[in-house]
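If you read the sequences in order, they're chains X and P. Numbering-wise (our numbering), the first sequence opens with residue 1 and increments by one. Numbering-wise (our numbering), the second sequence opens with residue 1001 and increments by one.
The set of hints was computed from the structure by calculation and includes no laboratory data. The C-beta atom is built at its ideal place from N, Cα and C for all residues, glycine as well. Keep in mind that a hint or two might mislead.
[Stated by the list, open to error] Partial pick of chain P residues on the chain X-facing surface, computed with a CB cut under 10 Å:
1) VAL1219
2) SER1378
3) LYS1499
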Amino acid sequence: MAALNKEKHIKYWQRCYNSYLPTQYTSSDSTRLMWACFITSAYDLLSIPFSSTDRTKIRSWVLSLQHPDGGFCGSPTHSLPGQDSHKGTANLAATFFALITLAIASDGEEEARAAFAGVRRGRLLRWLKKLQRDDGSFGQNLWEGKPVGGRDTRHSYLASCVRWMLRGHRKDDDEPWEDDVDVKAMIAHLRRGQTYDGGLAEFSEYESHAGYAYCAVGALWFLDRPSSASSPRPEPSSLTAMDQGIPDLPGMLRFLAGRQLNYLAEEEDEDEEENFIQDAVGSLTLEEGCRHVGFNGRWNKKADTCYVWWAAATLAMLGSPYPVSVEGSRRYLLEVTQHPIGGFGKFAGTLPDIYHSYLGLAVLAVFGDADLKDFDAGLCCSMETTGKIEKAREGLLKATEGEDQTAWASDGFWAT
Amino acid sequence: MAPKSKASSKAAPIPESKAEPPPETVGERSTQRFYKTNILQKRCEEAGLAALTPAEKKTYSHAQLIIPVSQDRVPLSTKAEREYWKQVSKENLPIRRLRRNYDWGHDRQGRQLDTYRLAEFEERSLKQARLAALDIVHRRFLAKRDKARKEGSELPAEDVAEEKSTRAAMAVLRKELYGKITGPLAQDPKWDDVVPIPQAEPEDALARIAYPDDYAEAVSYLRAVMATEELSERCLRLTQLVINMNPAHYTVWLYRFRIVKALELPILDEIEWLNRVALQNLKNYQIWHHRQLLLDYYLPSISSDPVSVKKLAKSETDFISRILEEDTKNYHVWSYRQYLVGKLELWTPAELGAAQNMIEDDVRNNSAWSHRFFVVFSNPREATPGSLPTATDLKVSTATIDRELAYAKEKIALAPQNQSSWNYLRGVLVKSGRDFTTLDEFTEQFVSGLGEESEDVKSSHALDLLAEIYKAKGDKEKAKLCLERLAAKWDPVREGYWKYQIAELEK
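So that you can see chain P by itself, here it is in the shape it has in the complex (with noise of 0.2 Å):
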């Protein structure tokens, strides 16, 4: 350690600098106070090592050898360091120097700190001591809670909620100085005791993706309650939170409902929350998904009171009809729809009627005449269980039946080009076990002068299926010229498919 320079000296006296103008910037203050503790190098540097005196080159040369020894560059036994500072302390040479280039660093945007300007430099600094001032807070916060844990008791809430905002105004001026983020998770003083795993991931990892900062925030602590397999009213709110920015995440929604579970949390309460969920997810698969097993969870809770179930089952049609209102065929919707009348055994004439008013809304809603075929012959009270719905169940009743292709002709004459009600026909038709070539009569009245100058066709369906007939009544030839039709004129998208009907009819 240098010692103190004494007022006694033998060294150059040092002459007064000239007046400068007051620095700008950071760097410039730096340079001038370089200068100001540095004067024969500045005169050295503009002058040359010539124009100083011989007193001012001996001051300045000893200046430079003290450097090398006050670093301990260059050792000195005891005795000799004691000596050597005695002769600088006598010779008064200036020790006390500022370094020159000193590194202010940059700031988050990469700009070097010496170019700011001074009232922006206090400003800064002003940052950084309220940051530290708020870190002295908040760790004063941590010691009394922990005092108060060792204690058995927990901060009144009050405490918290300063906590809670001395974080954030932290997190503000952390972002502002150091670029640094903070997410909610990290503020709030109730996640304090769980270590987030955050995704490490090597920069050239595959299909990165720009992760908003809450995401991979959130992702990163409930990675780390999934894997303590923490069950808490908390790790519920997260997976909302997880929830919320990707649905699709595969392992929160069986995490979540293991907390529901755990927690015997009230399910209606969780399909009134998954409601909103679903209507601000229209396309979402894990959605519906979750809902089959809190309904398999809970049925067999109420299963002993009907009007428990009837009301739940009231509560399910009016929310599927209400989501149905936004988006007439979601997939999974009437997937989970068919779920619910199978599982409630709603083989009602309500639900038949349901599908039917979709369908008198758009005829060509398939959806909903999917729906209708299966209210209609999977009711284990009119079809043969198990039954294949492309094989022929003998115990659907005639009168069914009847109806059925009563309801399908109807519509196709509505629509002659619809397929969705020609399927259905079809459809029925096999179910019933009855010939085509009973259509023979309804479908003719569609196509009128085939291969004739008159020939007139409303609906390629129907020629389609009149080929299908003709084939059955063993006329190839009519069959045959129906799918020429088809593949010439009334339906060339499928060309390829009539002539590969055309060359089956000749196998």
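Isolated chain X (complex conformation) (with noise of 0.2 Å):
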């Protein structure tokens, strides 16, 4: 059995920790916040402990491209310095992305209560609100006061994940308080978006996708999750959002493990959109053994290696109903996208980019790989830095309490 490769890995993730960037990652420039969580996150899912002068770099990396009206801005690029600083632009998946990288770079029970100090909460809440569009779909960002960007399930799950860790569930009279979001219509855009496949995208008139679907149910798990992740879930019920917002869970069930596929390494061909033709199905037999189980995006697509994080993950968060081929899946990451120099790829024989190979690491973690930390299908860290974002959300609300009764506090002048 192929095991993770975790020395390498470990070199691969310092090398992206320690030296620049390929020029290619350029084109991704906006999306450095990312970058910085994936890295971070994955010395985190390695043990590779941090020094303290790395935990304050990070942090006041992080903290840097925050937005003075709320949010972080995508990357440097994104954000400008002193009087012009309210010109740049917050982004959604940014935000996401810093407070999780915050909570990364805290070690132990006093700084993760310290982790989002310096995070303005009262500000950023108010920004995520105004993303809200009328029909309860989420934009990336503000412009001209409007919010901007595609109507897809990305956006719902980024906004339900911040509103989770920053806000928490707060009742009528928390302090301090902040309006919420309109759940409803969350709730209500998500459910439009289930296809007939049983999969989803951003409109049901589009085609399904599994990452759209590890969206959707991504944004509903985090309206159902208690502010405390150790304290027990909702029983399914109607009542909860996951079922409201998924008119048809036995086709959703069958879409995701549609995903799965006979990984067949002969096939494999970089200009052929398949690795698995099925022509007929005789060939799929126990007997000549499933040995490489890969997952697509799309049905009658190739197989490639985020796609089984993003259905197994997914399914993780449905409460794992049925297991997945996870042996078959577990080969086909380590003997097939796994690189020998540390990494995955995203086929066969690619070499290793930090989204592929961070989303790699992820699902044998969901799949419990003993190399890595336990880890949270919803927030896509390890349950241990989940455990730091309570703890710092704990920390940031006690830190402002009763600061926005203050008249001086509400006229938005004082960053709260």
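Could you fit the two chains together into a complex? Lean on the hints.
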């Protein structure tokens, strides 16, 4: 049985952390916070410790990207210095990754409680609310005061997570209070995304896609998640967001099961759309074995490392009603897309990149790999980091308690 | 200030130095010059202080004493100083001496300049001189332009062109001499009034990217003009520059759209430009979002003119077809196509035909199947608006349902193990509100001798559907058998799922 080449992965991530990312990453300059989060989170998963200097440096870099009106900018490219700082643009995905990275960069109870110190919670939550459209969807950033970007489930997911991380479930008389987003509209929008084949898309008229399914299920999952992840989740009932948000759950489960495919290594070809051609079913017998089980994102598409994550993590959030083919998937990841220099490629033989390398590790952690920490399939980070996020939220709430009540704070001039 | 030495002298006469080989490097030349102006120094180093004559000793030590005074390290009153220098002059002490170990500095590769051979050094000096000369030309241009602007005019285009070539030449020299990069924007006089805002990052920033130099420059100008909200032609070109290098930049597109609106640029030109960008960046999402914004903006202006709308529909679908030829399952393009159909109400036989053609080409193209479902079941003339795809819609005519069922069945017969056509069949059936059991005969033809020696299955999807059909008919045992055979033989990849279905069956 192939194993995770932990040493090589550590080397790969250390390279990413310590040196410049290659020029090809220029086209993803706007999502540097995502890279930073994946890199630091990979350190966390692989238990590579950060020195206190490292932690300080990570914290100050992330906080340097905070927008004065709330939220975080995707990269230094989008944040402006000094007086112009409000002319930068905060972005929902960046905000999600910023909060997780801040939590990763804390060590021990005390630091975790202070992990969100410096985050302008009130402004951020008000900004988040402004990102929501009337139809319940979320934009990725504000432009001329209006939410812009696609209406797809990615933004619903990110909004739901950010809300959980910073707001928690507050009761009407809780201090400090911030108005909530429109949860009902949010669920209604997600509900409109399920397609005829049980999958999910930006709109139900579009083609189903495992990534959008993950995001929709994730968004609903966080609406139901208790403020403390260790508290019991609500029992499945018609009252849960999950139940209200998915019109056809059996269809969804069928769609997710359908993402697995018997990966035939000999069919792999760069230019070929398929690597599984099932002209006849006879070849798929147990005797010959399903040695490698790949996952695709859409029906009849090629297997790709990241879709093992998107599909398996979605099932995990749905309570793992049935197991996927863990052994076959592990072999696919470890024997086919794990790269000799560390990290994972998208397909067999492709060079590793941060995105696939991280999500490859992530799904191995979901499968319970002994070399990796316990994983939170909803936030895509270790359970340990989720624990820190809860402490950070508590710490931040405690620190800002009552502040909003004072007259001088209510004009929005003072950062809260 | 030390006065010039006079001819009369009491100091020791300077002996002729021995002929030395001419220097090869700058460093050697400096050393030779140092000794030439510090002759006693060399003797003293070679033979020791004791070897000097008493007069030489006196000159040598007095000469050492000049230095602290001349450097003001020993403060003297004005009078004392005058006396002092008088004495120095009288003694004819060698005060005009070169310093030792002159630091020539290093070049951009870190090579010490004193290791340069003289010819190399001369070449470098010439370059520096040329750069200085060009700088004068450049400053003259700036002064001329300032003057012209004060008078309310602009310099002729030739002058600007000449200035551009001056700056280009300066940029080359600066790079050669000092390794300094002057990007194309800094070289263009049109951008002189913009103060770029470079990305100031600490050395230890996270996820640093080895940006190409042109990108770093273009972004620093973009940040500046976006901050001042300049909406101009040059900014439009700047957005193009940034988009070419980073099409996923999330605000440059919005900014570009704002410019297009402000300058009232022809939307069709912008779409034409976008076509080229899209062909170069097949997997980019922002391009298609931008296209939607353009269309949303443009349509109201032509909506009263059906001919223009028709022309637009034609050019848009043509381009979509072209790009789908390159990438038949491109997610963003198909999503845009669905948007377009809704927006331009293209619920036409031609649109259905386009999807059909792509299915004919590749029966496993799920994007094309998906599009067909959309064109049929989201057509407001045929279907109930807002009806979910997972819900029955009784407004859809029996003829349409029958046609779609027949189409799916025909394609299933062609490739029984194709997921897309089976999903389609199920989807149509849900829409129709008909029972799954109505598909029993059709489905059973792909399965024979189930559970027997002669068992043969042409499609695992048929077996899957049969399980549901038998369940609906109340035949749990048979349904269970289908699922068991799927898990054990016909689709073991999904073993976990089939076993879950068996458990559900028994609930």
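Taking the hints in turn, this is what the structure says about them:
no.	hint	in the structure
1	VAL1219	holds, 6 Å
2	SER1378	holds, 5 Å
3	LYS1499	holds, 7 Å
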